[in-house]
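Participant: Following the hints, complete the assembly by docking chain E onto the known chain X.
These protein sequence lines are chains X and E, in that order. Going by my numbering, the first sequence opens with residue 1, and the numbers climb by one from there. Going by my numbering, the second sequence opens with residue 1, and the numbers climb by one from there.
What the hints contain is simulated information worked out from the structure, not anything from laboratory work. The beta carbon of each residue, even a glycine, is placed where N, CA and C say it ideally should be. Be a bit skeptical, because a hint or two may be false.
Beyond 10 Å from chain E on every Cβ pair, some chain X residues (computed) [claimed, not checked]:
1) Trp59
2) Asp141
3) Thr217
4) Ala276
Taking lysine to any residue pairs in the SDA-like style, the calculated list, with each CA pair at most 25 Å apart, reads [said to hold, decoys possible]:
5) E:Lys132 - X:Tyr53
6) E:Lys4 - E:Arg220
7) X:Lys270 - E:Met250
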Amino acid sequence: MGIAGLLQTILGGIGEGSIYALLGLSFVLIFGKLRICSVLHGDLAVLGAYTAYWSFSLWNIDPFLSMVYSLPLFFGGGYFIQRYFLRPFMAMETWKGRYQGQIMVTWGIALVIMALEYIFWTGTYRTISTDYRNEAFFVGDISIPIVHLVSIASIFGIYFLITYLLKKTGLGIALRACSDNRTAAMLAGINYHRICSLAFGISAAISVVAGIFFALTHQITPSLGLSLTFKGWVAVIMGGMGSLGGVIVAGLLLGVIESLTAYLYIPALKEAALYAALLVFLIARPEGLFKQAKN
Amino acid sequence: MNLKRWCLWGAAFFLLFLAILVGNRAGFLSNFIVYTFLFIIAGEGWNLLGGYIGEISFGHAVFFGVGAYCVGLPIGYGYHPPLALLVVLGGVVSALLAYVLSFPLLRMRGFPFLIATFGLGVIFQKVFHISKFLFSTRGIFVPPVNDYLLYSIIGALAIGSVVFTRWLVSQNIGLSFRAIRDAPDAAQMAGVNIFRTKMMAFVIGAFMTGIAGALFALYRSYVQPVTCFSMAISLTILLGPYIGGIGTVMGAAIGAFVVLGLEEVSRDLFVHGHHLFLGAILIIIMLTMKEGIWPTVLRYLEKIPLLSSRKESASERAG
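Pulled out of the complex, with its shape left as it was, chain X reads as follows (with noise of 0.2 Å):
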């Protein structure tokens, strides 16, 4: 247990938590401007996973090229779910139970794709074994996965994509405006449930490219759906409900808890650390990493 030993967990958490960061990225998009919870992001980014999956072992497709079509297909899934499933509770109040309603309305959703995951590609683990799954670039002796590099990349990448799209495009602009003012937005011609639909779609895609990463970097089940997706609630919570660069913070972050608690203590509590790191966040700090300027 040297430096170098403890400089490699803590990379590789980076690595791990990357995945993290994307889904809570998936979240932020969603929750901190639109106020809408999911639960489904998560076997979201499993269903994309399998997708790449199918991509890879039927037609020989690399998963990022699949890439192409599965985004797409999942921002069309996402509009439609938002559309039909999530709509009913776009009026309700928070304190009138919005937010139970459409948790349990994706959690719904979510326990059904993993029903259908289950029978479509089983119980059993699957593997997306490219040629470049594991490579890695050598520093001395510590080894950097070059799948890790490419997610983290990503991360930065779609994070200034979701900045542009907010500060410069008129999507991102009537976005903002649905979130700051519902009624003057509609009374300027915003079809809010559109842009919400349009949104969630956007949060689809990118659940699924964290999915990727993730089939990159392990073997897949369908029961990971809805642990993933409270790890990256986690992230969001830590970075400060709405703020996008908190939950990449606190996404990593918690890939190095995770990281450093089996390298250093026990391997079978890395998940009850990330936790733990919740509960003892929330007693400490609840605003989070990053405080929200507004509501």
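Facilitator: Coordinates of chain E only, in the frame set by chain X:
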């Protein structure tokens, strides 16, 4: 709420259950009903905080498992106190745990509370899984109890928990619960101590869930982290009230039957079929009958002229 009438109906149901128990000779049907009863007890407990106040806890398996281990641990270590004492101990320890936990946890509202309780469930499951002091995966064998006796007790407690919850909710504190859910600021201005009230719901609910867990240990004669602390238990506990009718007692009971019945029926259909049906039902219920099955049924019944001649509407009476 007419306490006497509820007690009489409760006694009637209990006699019905005894008849089934004896007629079935404690066979599969009785087994299933008793298993559901356990989740009714836990579900009614969950419902206090989750349904009436609106704070959903995804981690009630913690109290369930703690109750189970209160029965299992002493036996595992070789002591043999009377089992009834251990069951009560299960409830008491769970209640104490809830009391301690309410200080950090009840500060959060809504979604963070959900995630935090879920996290707590994961922590407990993992810790119990690996701790050798707590018998980790080896589990503890609990000496079996006479089936008829155990099932009758569970039946009585289940029906009792429904009546008790209904009674509790009809007291002032029940009004406070609903006030906190529907209009928290107004409730606070009216003098309701939100934290104390939530804590009371949490603690009482944990007590009931702990008792359910302890009885589960006796029912299964085996205590193990996977079965007692798993997320599946947490989710089954809360699905009953959610599908059957959050915020009503009968709803929680009926919901438990629906959930567990579905699981039994779809077990043979295909693997994880019950997830499919459960998910589908959850979606349908949330989109069509937001309040759950029982309140919706009551509303339909009200429309039938014969039944609506009563002064008080049925849905108000069900609480």
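Participant: Each hint: holds or not?
Facilitator: Now the hints, each set against the structure:
Interface exclusion of Trp59 of chain X from chain E stands, the closest Cβ pair being 27 Å apart, more than 10 Å. Every CB of chain E lies more than 10 Å from the CB of Asp141 of chain X, the least distance being 30 Å, so the non-interface label holds. Taking the minimum C-beta to C-beta distance to chain E, about 21 Å, the non-interface status of Thr217 of chain X holds against the 10 Å cut. For Ala276 of chain X, the shortest C-beta to C-beta distance to chain E comes to about 6 Å, within the 10 Å cut-off, and the non-interface label is violated.
A C-alpha spacing of about 39 Å is found between Lys132 of chain E and Tyr53 of chain X, which places the hinted pair above 25 Å, so the restraint is violated. Using a Cα cut-off of 25 Å, the hinted pair Lys4 of chain E and Arg220 of chain E is violated, with the two alpha carbons roughly 34 Å apart. For the hint pairing Lys270 of chain X with Met250 of chain E, the CA-to-CA distance comes to about 40 Å; that exceeds 25 Å, so the pair is violated.
Violation of the numbered hints given earlier is confined to hints 4, 5, 6 and 7; the remaining hints are satisfied by the structure.
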